[in-house]
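**Q** Protein chains in written order, with my numbering: chain A, 141 to 408; chain B, 141 to 408.
Bear in mind the hints are in silico, worked out from the structure with no lab data behind them. Warning: the hint list may mix true and false statements.
If several chains are the same, the list does not tell them apart, and a pair holds so long as it fits within one copy or across any two.
[Stated by the list, open to error] Okay, derived cross-link-like pairs now, SDA-like style, lysine to any residue, Cα gap no bigger than 25 Å in a straight line:
{"no.": "1", "residue 1": "Lys285", "residue 2": "Thr248"}
{"no.": "2", "residue 1": "Lys285", "residue 2": "Met201"}
{"no.": "3", "residue 1": "Lys310", "residue 2": "Thr202"}
{"no.": "4", "residue 1": "Lys310", "residue 2": "Asp368"}
{"no.": "5", "residue 1": "Lys285", "residue 2": "Asp398"}
There are 2 protein chains.
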Amino acid sequence: MAEDTRLRYIVIAVASLIIGACIGLAAAPLPAAPGGDTDRETLFQVSTIDALLQGVYDGSMTFDELAKHGDLGIGCGDRLDGELVGVDGEWYLVRTDGRAYPVAGNATTPFAAATFFDPDMTIAIEEPMNLTALEGYLETELPSKNLFYAIRMDGTFSRVVARSVPVQEKPYPRLADVVANQTVFTFENVTGTAVGFWTPALAEGVNVPGYHLHFITGDRAAGGHLLDMTLTEGTVQLGTTTNFTMRLPVGGDFWMVDLSDDLERVEK
Amino acid sequence: MAEDTRLRYIVIAVASLIIGACIGLAAAPLPAAPGGDTDRETLFQVSTIDALLQGVYDGSMTFDELAKHGDLGIGCGDRLDGELVGVDGEWYLVRTDGRAYPVAGNATTPFAAATFFDPDMTIAIEEPMNLTALEGYLETELPSKNLFYAIRMDGTFSRVVARSVPVQEKPYPRLADVVANQTVFTFENVTGTAVGFWTPALAEGVNVPGYHLHFITGDRAAGGHLLDMTLTEGTVQLGTTTNFTMRLPVGGDFWMVDLSDDLERVEK
């Protein structure tokens, strides 16, 4: 066999091996995507709101891990260092300067809720509505008061009032005492997005019953925990969520905190 | 080029393609197995206890589906037709005749909880303990009162008191009224297994805080919802469970039932 013929054999064999390997990879069953059908219809939560109210502020899950369970969400940073806003898979912490900082993937959260946002209802807002009116209207549209709903509001806001709280040090005070020192920001005539959840009463203690929304400006530069707003024009989208998954901390303050009482609830 | 050289090129190319495809398939990431580590540490629940208390008795998940989420569990049958006992991946419904019937995979449950049982603590019982004493003792051993625990007790029981409730028809009465007509069975000097969960107070409304156990005899022939017992000799195993997943019904009575009040709770 001539030398160049042998070389051709080898080149053809190697090329075919590579092509074959690619075909094999393409034909292999895909790993269950984070975001299989059930996952996409799941509200994923880290810890409980009552633990946060009681001062359990040490982060127990990284933002990289949280992002595997949703592309929209809210929560807070480790030691309450910032209000968490997740939108379109981008995650920010709004600190007491009112600015939104992209999260570090290896930073952690003590409390967060996330979902892959698949809206089931879209409502166009064509006349200005304040938060109370809008929340009241949306509640009449919910197909059931016993499910979870992911919420996303995009548009122009004539006014937004939002807050953040300062990072805490041990021994941690209760959240009610932290919120007494919150910093409040007012935005006027901004475009932006409010994201969050409506939680059914059945989950009281686990999350905040009713609405819990965080805001971020259109340029993703500022925002906070939403206290009040007037949406001038835009859209409100709701995603019905029938599955709920909660990851409780595998150690730390959470294990020993007293969660048996009816706690003073300050998130609203 | 000679005909046989060309043929050899083709043979080598095809063989290499096949080998390459096999390498590609072998190198592809495996699909996530049902029952990965996280799944095994998850208490999986169908609907909520408060919905059951309010009379939401239509099944919303098949036992085949439930069994994908655990090998140990408790709950009830469609229309309250039997007390559910799942042990070692075998699932039974105990009806008002006191007998345990293997479930049909396509039958449904309106309320159930299940997990893959991986015990973290094993306690040997060498002197007779009644249910109150045993439950009190176990609570002192729980590493945290804010987590879920799967429980399995195997041994010889000098006495077991268990109950079942009759299958219901619409319009469904509340569970308190159904339980008023429960059938109670007493077993003496039997071997058997009690399975169930300890639920933290944070999940009140979602499940029964504290203990909820169902019993089945060693021959898997009889049992019921555990009301009282004395464990003469045996073992008690506890599995700490930090993840919780809940599937709410995607329709039916659940969507409209009022779950906003503090309900009279009769499961204990």
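**Q** Could you run down the list of hints and mark each one as holding or not?
**A** Hints, one by one, checked against the model:
1. Lys285 x Thr248: Cα proximity of Lys285 and Thr248: across copies only (24 Å, versus 32 Å in one copy).
2. Lys285 x Met201: between (29 Å within a copy, 21 Å between copies)
3. Lys310 x Thr202: Answer is within: at 20 Å inside a copy they meet the 25 Å cutoff, but 48 Å across does not.
4. Lys310 x Asp368: Neither, since 31 Å and 45 Å both go past 25 Å.
5. Lys285 x Asp398: For Lys285 and Asp398, the Cα distance is within 25 Å only across copies (8 Å; inside one copy 29 Å).
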